[in-house]
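2 protein chains.
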Amino acid sequence: MEPIQLKTWAECAPRLVAVAAGRAPADTVIRNGRWVNVHTREILPDHDIAIAEGRIAYVGPDADHCIGPETEIIEADDRYMIPGLCDAHMHIESGMLTPAEFARAVIPHGTTSMFTDPHEIANVLGLEGVRMMHDEALMQPVNIFTQMPSCAPSAPGLETTGFEIGPDDVSEAMQWPGIIGLGEMMNFPGVVNGSQQMLAEIAATQAAGKTVGGHYASPDLGPAFHAYAAGGPADDHEGTCEADAIARVRQGMRSMMRLGSAWYDVESQITAVTEKGLDPRNFILCTDDCHSGTLVNDGHMNRVVRHAIACGCDPVIALQMATINTASHFGLERELGSIAPGRRADIILTSDIETLPIEHVIARGRTVAKDGEILVDCPHYAWPEHARNTVRLGHELGADDFAIPAPEGASEVTVNVIGVVENQAPTKALTANLQVEDGLIQGDIETDIAQIALVERHRATGDVTNAFVSGFGYTGRMAMASTVAHDSHHMIVVGTSREDMALAANRLGEVGGGVTVFREGKEIALVELPISGLMSDAPAADVAAKAQALVEAMEACGCTLNNAYMQHSLLALVVIPELRISDLGLVDVTRFELTDLVTGTK
Amino acid sequence: MEPIQLKTWAECAPRLVAVAAGRAPADTVIRNGRWVNVHTREILPDHDIAIAEGRIAYVGPDADHCIGPETEIIEADDRYMIPGLCDAHMHIESGMLTPAEFARAVIPHGTTSMFTDPHEIANVLGLEGVRMMHDEALMQPVNIFTQMPSCAPSAPGLETTGFEIGPDDVSEAMQWPGIIGLGEMMNFPGVVNGSQQMLAEIAATQAAGKTVGGHYASPDLGPAFHAYAAGGPADDHEGTCEADAIARVRQGMRSMMRLGSAWYDVESQITAVTEKGLDPRNFILCTDDCHSGTLVNDGHMNRVVRHAIACGCDPVIALQMATINTASHFGLERELGSIAPGRRADIILTSDIETLPIEHVIARGRTVAKDGEILVDCPHYAWPEHARNTVRLGHELGADDFAIPAPEGASEVTVNVIGVVENQAPTKALTANLQVEDGLIQGDIETDIAQIALVERHRATGDVTNAFVSGFGYTGRMAMASTVAHDSHHMIVVGTSREDMALAANRLGEVGGGVTVFREGKEIALVELPISGLMSDAPAADVAAKAQALVEAMEACGCTLNNAYMQHSLLALVVIPELRISDLGLVDVTRFELTDLVTGTK
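Protein sequence lines, in the order shown, are assigned to chains A and B.
According to the working numbering, the stretch in the first sequence is residues 72 to 673, in order.
According to the working numbering, the stretch in the second sequence is residues 72 to 673, in order.
Source of the hints: derived by calculation from the structure; they are not laboratory data.
Among the hints, a few may not be true.
Selected chain A positions facing chain B (in silico; Cβ < 8 angstroms) [what the hints assert, rightly or not]:
#, residue
1, 87
2, 88
3, 110
4, 114
5, 116
6, 279
7, 349
8, 629
9, 633
Using N, Cα and C, we set each Cβ at its ideal position, and we do this for glycine too.
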């Protein structure tokens, strides 16, 4: 499959000029709409747009001179003509979809440009995986730019990823056609402490003239924050309150405010503009992470813009935050993000500027969706076998692999337990006293203590790290396994039954990855994610339906938490406090070091 | 001379991070100022700035942790700390000064970044001349970026320049370190008509990822204007009224509003922001052309910003228009144009945000001026002999070279006469009946008709084109000659005496170019411009004094027009209506063709 070739402005200029001057006919003319001008912040009624070669040739009061016998006419009928929406920072893998299927899901919502960090696949397949995502992205009928992942592993020394990313990889990727910058620099302690490797990745990106993505996930706005800003990241989406947003913009960074499936950081930050009256140009909207269910049921960037407007933001300013502000940030303001000559003809027609129904979506001059229906093909990359076969367990697992031997002679032990917190990414470091039977430490359904295992799946070592977790509320014999296991994406298995844990793990080995739930020895839900164990190349609606079945299966096993699959998949994320599991053991993320499972015996 | 090496942000990052974190001392700390934040549009009292390696390491409420025993402390004493001012489009040659002397003149006014189009020297010395300007620019202690001239000759076929610029030159120049984009694309009819050469120059600039300067000098905002915008220019400084400014910004161009020595286009356009309330981000201030007298007596960008504020613009918005808006336009928003980490430490201290006294100027971390006094060296390029010896007349001129023979047997003729208009660039196409004596057509002091001659000076052809001009009001025997003769920069001689015309022309040949006035056979004023016949490497004050003496000499010869030297030097500018002179003859600039001098005889 070849990437779709969009001619550059320079290549089209002779024709664009001729069309605007009335010497050549346009391919398409949109007639009689309200031009939402994100350069001036105006809404201008009675305007026409002429399009040629997928780019805008003319926007003005009358495009009659651009119309020839073959010109397609689209009647805007006084509707608003807004630029296609941009998602400034996001991870496609979060939708459990390939770039093609993600695109297919969001195009009807009016998203025509995405800035994506394929950070998850980088941990599984390294630079080659990033390249595959990048290549499929370039095949799509909309603009998917790739941010080169910066931090794999996310916590060097505390976990082993499938692959690692270093400054040389970053330098190499900067030469690829679809790379727009460096993905979120999550290792903020590294930057603050002057890590040579992190600063070298930033330097390679700056040398290429590209944008360095930031990720400063700390409420500390003192010298550490200033040091991070001095290191070079140009944006940040980790702010959660007004003071965070303001501090970032004052320091010359752009504040990316996110509304993802589980992120709600717009309402708390947009007051910097709506109430404090700051210049809005450096505020940008994004999603960061969207599950397929959100895409199918709620929308994508249209959902975020609507939400910003509902938070009191002027609609045209909210649109600027999802169009020209984003384009400017990535050095693309003359390429996309507005309806103006030379730009890619990415245009939405909508009859209401506040509720934003996405009625007609044009991308690169083509009608790609109408009234929620996609009308264009989103080609699939030919994923090679080794990208579909990434779950390498080394041997068939048995219940013994999940046995946790007690110290010799102990009848009861005190253990560290990972405590899941509803709706939050951080965990609690708990302790519990557990019984020993047959020399093995036992979980305890009564006090909601299940087993958790990290199954190595990249190098077929056969290693299993065992520990305990509390908070899911599982009852009866069950197990749930997932190869989505941020950020190293080994396999996380949680269960009350060692037999079911083995069955679930083996099942994911068999299908090449995904998420499964077993109850009393039988599989009751399965989401297959064959591409690197992270993504499906099935349509979003199918994946969303299976994900919904998964939630129901978890409930059937006694889980009462909201959105607990997210909690499950984050239990190995060794950069967020307090206690996590990795292939190297139990990790105390308050001190960034390994810690013991058993702390005492009786 | 080597260009001044400023380390990149990436090269400085380890130190900047260490300073911000408090692990290393800053070179300089500015204490207790009001931070004018052009990102958020705020003024924040009680802030400190720490500087290292010429860049900003920290801006925050307290830089005590950045201070070591060697750290220089500058007390802001509650003054405003504003970013160094940027001139977004200008021609250094207009000041009749070399880049070094121009920089020396404007640094005390707070200008720390200039975007300069060495368009004039390109006509005289071609690409090599551009390179010399570029190289001297890079030697300065402030930021002088070069826009590669796009249009030499300005009107192909109507004049012969010393050198021509084409797409290959543009491509080559785009690789030079100091080139920021393409200089104003003045050939707007060429772009509108799809000129391959003009579009190729634009394409070469876009391919290099740089900014295409525009120049659309027409009030027509119909399809021709739209076609120009579709051709690729990213800005325009030729707007003169509010509608011009708005139209450009709506089309995704930036509106550059200029206040030069003879341009007054801010007041009439800034109402787009101050009254119409448009988003100010795409409005930029510039000077375009400043004479040395303006620089010495009135200021530079500080004059423009003050004027914008006096026109009712919010002071911080006016400052944005001369700092971050400019930087963003040229893709430099993370390099300069604001006081934020990583940026070049270009900072002005001022005690009043409206009258803008420029009290302390810091460029790249160094104090370069205080209270109007420059404190830094502005190194001169070693201009080679052939750049100082560009006035090649072929032979010593005599009165005969300025004789205008009448058609045989005529005693009176009707001729086309260039009519000078006070304070305006356009001329009027006049006609007059003139007497013939000894077979030669005679000027007429009584009706204010003097002779004008275009003396070829690039190729030593010895050619002189003769014609008539009206409007200066010269009386008695005199002549004035100038090698500043836009855009081809041959030599323009105006006089009432053929003998004095020859003396004046020969004198400029002798001194290597400049401007001279002769009266009754004696020189009464001279501005030497030895560098390419356009610039002096003497200080601005000296040049301004000589230019003032020149004005007085013109008055002494009977001239009553304001600023008539500008009129003189523009008489060969064959792109502005109505009638001009070139080395090829008299040019009708309403029809873009050569026309006859004599139209009738008696």
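Which of the numbered hints above does this structure break?
-> Of the numbered hints given earlier, those the structure breaks are 4, 5, 6, 8 and 9, listed in rising order.
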